[in-house]
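K.L.:
Fit chain X to the given chain Z structure using the hints.
Line by line, the protein sequences give chains Z and X.
If you're matching positions, the first sequence starts at 62 in our numbering and goes up one per residue.
If you're matching positions, the second sequence starts at 36 in our numbering and goes up one per residue.
It should be emphasised that the hints constitute simulated quantities derived from the structure, not laboratory data.
For each residue, glycine too, the CB sits at the ideal point set by N, CA and C.
There could be a bad hint or two in this list.
[Said to hold, decoys possible] Within a straight-line C-alpha distance of at most 27 angstroms, the following computed DSSO-like cross-link-like pairs (lysine-lysine) qualify:
| # | chain 1 | residue 1 | chain 2 | residue 2 |
| --- | --- | --- | --- | --- |
| 1 | Z | K112 | X | K43 |
| 2 | Z | K112 | X | K104 |
| 3 | X | K126 | X | K43 |
| 4 | X | K104 | X | K43 |
| 5 | X | K126 | X | K104 |
[Claimed, not checked] Each pair of labels, with its calculated beta carbon distance range:
| # | chain 1 | residue 1 | chain 2 | residue 2 | range |
| --- | --- | --- | --- | --- | --- |
| 6 | X | V58 | Z | A68 | 41 to 47 angstroms |
| 7 | X | N116 | Z | Q65 | 46 to 52 angstroms |
| 8 | Z | G146 | X | A62 | 26 to 32 angstroms |
| 9 | Z | K112 | X | A70 | 26 to 32 angstroms |
| 10 | Z | A99 | X | F159 | 23 to 29 angstroms |
| 11 | Z | F64 | X | G65 | 25 to 31 angstroms |
| 12 | X | A62 | Z | Q108 | 40 to 46 angstroms |
| 13 | X | G63 | Z | L73 | 33 to 39 angstroms |
| 14 | Z | M149 | X | K104 | 43 to 49 angstroms |
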Amino acid sequence: MEFQLLAKGIALAGCAIGAGCALIAGIGPGIGEGNAVAAACEAIGRQPECKGDVTSTMLLGCAIAETTGIYGFVTGLLLIFVAPGMFMGMLG
Amino acid sequence: MHLRPDVKRELRHIGVGCAVGAVVLSAGWGALAAAGAGIPFGWPVPLSAALGAGAAWLNFFGLAITLQKAMHCESETGRRNLLRMSDIYRKLALGVFLVAMVLIPVFNWVAAAIPLLFPQLTIFAMYAFGRKPQNSGKGGE
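Next comes chain Z alone, as it looks inside the complex (with noise of 0.2 angstroms):
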């Protein structure tokens, strides 16, 4: 019985943990996302006549680089609201 409990509350304290590395993933596309427009600002003022390519580009990069922070997010809410359910389950 004791055991039981120990289990849970080592699987509850990894969910949780777990959850909060996988949300760490959410920083990076900020970040990315500031320096691909700023970049995308410096190329427009360089070649105004390049601001439609630039633009549907940098959107897409944009969308791209915003995969490994909705993969962490997904990941983390999952982490929280799924799998405590499926331990506790699994461990009677």
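P.N.:
Only chain X this time, still in chain Z's reference frame:
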């Protein structure tokens, strides 16, 4: 706010990609269920896939509007603040959406979470099928 034609074009591409992805996901899910893979299939799956695709498109729309606004922003600090606030609000909205999908038993959260990556898959597909910039070769140093 008036959207630039390039932004509108990308929004259209991503919208089509998300819609096609939702249909493919539902069809694939249905086929796997019919083949006896042991996964349940019912109306919550296409509904959740459609809602997930809608949320993914709205997230991309928010990103597009923010980037367009940021390009007209004069200061570097203002630009970074705008992007940071947009990122926080969009992530928060996606979080609320996903939590609602997990907590409301009517929906299937897996079918709702997969479409969140459809915009990225659409972009990969666009480049895989040989997309080129419209004005390539123009200008120079």
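K.L.:
Go through the numbered hints given earlier and state which of them the structure violates, listing their numbers in rising order.
P.N.:
The structure breaks hints 9, 11; every other hint is satisfied.
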